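Turn these sequences into a full structure, and let the hints steer you where they fit.
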Amino acid sequence: MMKTSILRHAAAARVALTARPLQLAARSSPSAFAITQTPLKASYRPFNSLLRFYSSESAARQETATPSGRVTKFRDLETLGVNNALVKSITEGMKYEDMTEVQSMTINAALAGKDLVAQAKTGTGKTLAFLVPILQKILADQPALAETRRPMRARSDDIRAIVISPTRELAEQIAAEASKIVRGTGIKVQTAVGGTQKKMALQKMRFEGCHLLVGTPGRLADLLTDDRSGVAAPNLTALCLDEADRMLDVGFDAELDTILKALPDRKETPRQTLLYSATMPKDVVGLARKYIDPTNFEFAQTVKSDETPTHERVPQYIVPCRNFDTMPATLFEMIRGFVAKSRDNMEQDRPLKMMVFLPTTASVISWSAAFRRLRRRFSDIPEVRDIHSKLTQPIRTRCAEDFRRAKSAILFSSDVTARGMDFPNVTHVVQIHAPNDRDSYIHRIGRTGRAGKEGEGWLLVADAEVSVARSRLPGLPIKRSTDYATASADLHSVDPAEFPESVTAVREAFSSLPYETQVEYYKSFLGGALQGVHKQAVVDDLNSFSKNIFGLDQPPGLPPSLVRNLGRITGIRIAERDENRFQRSGSGGGFGGRDGGFGGRDGGFGDRRGGGGFGGRDGGFGDRRGGGGFGDRRGGGGFGDRRGGGGGFGGRGGERRERQPRDSWEAMEMAGKRDKQESRGGGRATF
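Quick note on the working numbering: the sequence shown kicks off at 1 and runs consecutively.
Simulated from the structure, these hints should not be mistaken for lab results. Quantities reported herein were computed from a predicted structural model and do not represent experimental measurements. All clues stand as given, with none of them false.
Derived lysine to aspartate or glutamate pairs resembling DMTMM-like cross-links, with alpha carbons at most 20 Å apart:
#1 K282 x D257
#2 K673 x D663
#3 K199 x D226
#4 K547 x E516
#5 K282 x E669
#6 K479 x D463
#7 K199 x D227
#8 K121 x D439
#9 K290 x E666
#10 K121 x D245
#11 K121 x E454
#12 K261 x D158
#13 K282 x D253
#14 K282 x E255
#15 K479 x E456
#16 K121 x D422
#17 K95 x E401
#18 K341 x D483
#19 K282 x D245
#20 K88 x D76
#21 K547 x E508
Here are the simulated distance ranges between beta carbons:
#22 D349 x K290: 43 to 49 Å
#23 P234 x E147: 20 to 26 Å
#24 K673 x R336: 44 to 50 Å
#25 K180 x T295: 32 to 38 Å
We put the CB at the ideal spot given by N, CA and C, even for glycine.
Rendered as structure tokens:
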């Protein structure tokens, strides 16, 4: 017992003493010098207290700037006391050499024992930035875990570190990264996410044990408050909240409060807290005040105020399409053109890797299935993947990993991949239909142009959506593209036999989809997916799509209850009694195999999370977040809102020089104000 204690405190002292010279380099003082001369008895303080003891003067100053002389190479982490096994896994196993700016700024401070609030974008290496200090903290507290020959027995009721993530995909990604780092140690990493079998995950955790638990707020709150789960963290030493702004955006406030109450009192069981967020709105600052030690923390603003954000740096284009029915063929031509261009520039070694965002789950299923069929006929189309809410979590994880590893591929997705997930080398982001708001557009664009690489953003909208796009996307350098003649083709006045080749190919692919899939596609756009677009225009375009792309003789029939809610709209057809019989066949599965299908508990008719409405959580009639009708509770009017127009694109005016913040709290608040100003945009439209 005594030997273990001595080893633990020796490791802690090593971290503190090696980190201290960096702070002295920033500003030396007699009091700081006196701290380094503290008698040896200080090494017997508890782990967190010891680290805070050595960094107390720096904590009092609450510097927002990064001290000079920070470590920038992963191989040099050992000088900060990081265990050799972790360093070896990072440098030799994962082949990382240089730290990103985010990693260098935050790892140094976190290893010194401080709580940390970091404003950092996705794709900047922040996952590794918070995993390194967390894993080192576990090893410092339990040195025997550094030896894999005789590892300590792990337990599910003695978790030492928790990472909270807003989505299942991001949690799985973080856990996978952590598992690579701890490969040479006895640390056990587990996940706790929704959408998976709780019982199976618990059995695995109880059997293998757990030191680091990565999970989503809902599942973590469930496990930590269930006395029968066998999951507890009475000796928690580290806590990390990743993508804090996104967790609050999707309404995890209550779950986060539940988790905080379930954790041990930090006055009795000291722990280090790391909070990462891409933006700093008031609610994130409020969250930091709940979780962070106000006497010993640092705010690391890795997003510079004068830095050009991705959505202003990446070239962006809008392609107005005459109707919904010309959109698939336009995308088909774009893909083939991009592939040909990448082959002409082989020296750049940048094959097409595209993400295509669609507004509903049904549209993701339909488009991905159709483009798989096109790929069988046209060999130049890259492999096609899809991620959406109706896939099981294991399948979503596998698809994400396949796309991440692919050199060239196309991923059709709903907004589940718009934030947080890191897909390297994405060359193009294409958004189909007008986004719900400016932030959604920006987050999607952020999937490309990462890590200093080039990328392009494309937006395909029908003519009926152009005014909505103008009003929602002010202040962005979007240019109109007229390179694709198919986009403006009038398919109404042309016999299908005379359609352009691209339209004919697309029509054959979409018309071969199961009828049930086509019906769900049609209905998914009647649930508020295109808020702000006049509902008559939406129905007219859907009817054209049904005829010219699905190849149907008449539009899909709708249930009388839905038709009544639509109001006075022409072109709607009421379904015959036996036409939609498949809908009653239930919730146990779907249609169309891997090429797409519906059913299951995540959506469709009578979705248990949608209050008996259409479209599950993607919105619709009866959706609990949508107020039971068109539109959502945040406004915008839903269908029938004709307010579009106005707004526009262009640069921001001159900005006054900001004064320096008095402390870290004010620095966070000032960062939040800048984020809010950027989200509003400005200027006039250029298309």
